[in-house]
Amino acid sequence: MTTYIIKRLIQGVIVLLAVSFICFLIFRSSGDPAISMAGQYATFQEIEEVRKVFGLDKPFYIQYARFITNAIKGNFGNSFVNKVPVLPLILERLPATVELAVSAIFIAFVLGVGLGVLVSLKPYALRNRFIMAGSLVNISMPTFLTGILLIMLFGVYLNILPPFGRGETVIVGFWRTGFLTLSGVTHLILPAFTLGMYQLAVLLRLTRAGMREVLTEDYIKTAWSKGLSPMKVIFKHALRNALIPVVTMTGLQFGELIAFSFVTELIFQWPGSGNLLLTSIYEQDQPVIVTYIMLAALIILSINILVDILYAILNPKIRYD
Amino acid sequence: MKKVSFIVLTAMFLVFLIGFTGQTMAAESSIVVVVDSPPRMMNPHGSDADSNLSVMANFFDGLMQRKGSDGTLEPALALRYEHPDLLTWTFYLRKGVTFHNGNSFTAEDVKFSFERLSDPKVSEFINTGKNISSIDVIDEYTVSITTKDPTPWFANNMHQVYMMDKESTESRTVGEVQQVPIGTGAYKFLEWVKGSYLKMVANEEYWEGAPPIKNVELRPITEASTRFAALVSGKAEIVSGVPVELYEKIVQNPKLDVISMPARRSIFLSLGNKPEDPWSDIRVRKAMYMAINEDEIIEKVMRGHAFPASQIPDPPTIGYNEGIKRLPYDPEMSKKLLKEAGYENGFEITLTGPNDRYIQDEQIAEAVVRYLAKVGIKATLDVKPKAIFFPEVFEGKLDFYLIGWFDGTFDMGRTFFKLIHTRDKEKGFGSLNGANFSNLDVDSLLQATASIVNQDARKAVLQYINKLATAENIACIPLHYQEDIYAIQKGKGIKFQPRPDRWIVFKEISK
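Line order of the protein sequences matches chains Z and F.
Numbered according to the working numbering, the first sequence spans residues 1 to 321.
Numbered according to the working numbering, the second sequence spans residues 1001 to 1511.
The set of hints was computed from the structure by calculation and includes no laboratory data.
Even glycine gets a Cβ: it sits at the ideal position worked out from N, Cα and C.
Hints are not guaranteed to be accurate.
[To be verified] With a straight-line cut-off of 20 Å between C-alpha atoms, the simulated PhoX-like cross-links for lysine-lysine are:
id : chain 1 : residue 1 : chain 2 : residue 2
1  : F       : K1130     : Z       : K52
2  : F       : K1255     : F       : K1495
3  : F       : K1374     : F       : K1300
4  : F       : K1121     : Z       : K52
5  : F       : K1300     : F       : K1249
6  : F       : K1418     : F       : K1130
7  : Z       : K58       : F       : K1121
8  : F       : K1255     : F       : K1511
9  : F       : K1111     : F       : K1121
10 : Z       : K52       : F       : K1425
11 : F       : K1286     : F       : K1325
12 : F       : K1425     : F       : K1148
[Stated by the list, open to error] Taking beta-carbon pairs under 7 Å as the criterion, some of the chain F residues facing chain Z (in silico):
id : residue
13 : E1124
14 : S1196
15 : E1223
16 : F1394
My request is simple: use the sequences and hints to build the entire structure.
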């Protein structure tokens, strides 16, 4: 196990390096940030001067090497647009994204597993067929459309849920949270549903498949014949075993929810880091973009490693060595 | 089953939450304004984007300010100015003005603010800053600024150059100055949660008198349909950047008022004239102009929300020439001209343009390509993000491209040097003349304007240059002026007059 974890960590570092290199390569060849930084009326010489001040006149490999050596020290440089250090800029926005992703995965897990169990018990009942069809719609509908439809329905026509923003927030230490106010929680509902919708459908289908398989096993039949209550058979005996792949999937998806929440954040004007990423792409703020992508890669990598370890704990049969 | 009761409980909890979501009624003199792009920073010199200058105009003042629907230049922190010779500008400052931290505003602050402009680490006004050779503090309320080159539009730009407090800007870190503004403006900074909102409160000691609206909440919403939702659900009182696609829906809504005004920005197609290119022939240039059905572009692509343009400047700008008329849309004439020029079978040209900068930019370019095809010109469409497009303009690599422009100084002198003067790296002219248009008469006349200060004389010469470049040499094919559309909540007594520069200055709003 230990050698496995060490191996994974080394792999992780290599992946991070590769990600940073590719990001750097892409953004160095997509436009010249010095032009917008010098202002609309700058002359050629003034642009050249700006390039020098920010070290953009140096060859690519020197810029990259400098970025990496600084990054190892935890300094990801300054934003081209805000001129303040990049890492705090992103971290300032991270709580909003994490809270959104946590809420989304919570909704997806509770409803996905709940409905999955429900559907697996009577797969051919009309209601359950509707649920399955609905989950297909969820999987195939783009987040963008889901979000706008929810806003229009609940935010505009029914006018019962706030259509955008994060509501009132409270600062606890360094963490700005929306969980502690009513306004914060109501503002979470629509974006969290939008973000978690796809995951909900995936978890539902996974739970259903797992449950249907497990329910045909002999030990479940034994359990029924022992006269155990349905609750005990379904939740204690069947669900527990069907849940292993579901938990793995949930873990893996959580990282993705954090890293790819930007569409939802855009539609709901959610002030998270995904929203910052989009603004930065629009304004060509390369240091923010590169750091964000590296951070996202780091989060996904760590979650993958954690899930692997958890998987081994949940299922002692699994050995990595 | 227990699970069912769990679902019921969850549903009840949701209903309970929903019951409490009715927003608290806003206090009488507060307002929520939604804009389409977020402020970048609270450093007034750090961004020359209008979206940022607009926000900064509430915390800071310039030596001058622009007012009203035609953007008249009026005194602000300077009571008046003198321009004794070509290079000198003397400003006489308003007395008794204080910054939000209590420091009084003096000539030293003016000197400090202008010096700060040329530091690329904190300023995007490098061009203005580097053009200053010396700043002399004559007494506590008089400053004399000397420029390196004659800059007739210097004072015209003073509404964009905000005055900062020397003491608090030097004593705070750069990061802090980027986050918390301390100015002399009509509003004091309260809180900025990036991506969420910016809150400000009226400055009761404002030198122009306290503003009528006491609390302002500025909310950026980048996605157009969400802006629409904010407006229709009553969560915002004024929304700028109403998308043309949703215009009809908003007009039909009885709770909303729509205010629109012609924007200053014109959209046009810049065209080079390198001798080896077919389009250096004036007949070909005219043919291209006449092949484009601008009325249809306005009707179909802009959905009626644009005004035909015959030139780059808008009417209030010095250099706007009433005498320049659009060439008529006439594909037959266009074909005839092409035949005369020897291009009966057309030629190939690439039309470049941004796809994320102007209203319907990509669609306009697509339409132009189709019109040109009708007269036999094979235009290739090459649209790309502005981040890639603008550097190409700077590098002068293009033949024919779509771009938009307006000049914040209301004086075409500065803009023409950038857009139509022959490219000259040394002197810094023509840096945005991306298709290498060149006309020596235009160049020499333009250089002569640099030393013309008299406004009437400037007007006459710039009008002539405009005619020479646009009408006689077709340096560009003008298309239209955009339209700025705002929506406000009806029946709340909100008085709001849009400005030509699209800034939202809260001291001008009342309710």
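inquiry  = Let me make sure I understand: some of the numbered hints might not hold for this structure. Which ones are they, in numerical order?
reply    = Every hint satisfied by this model.
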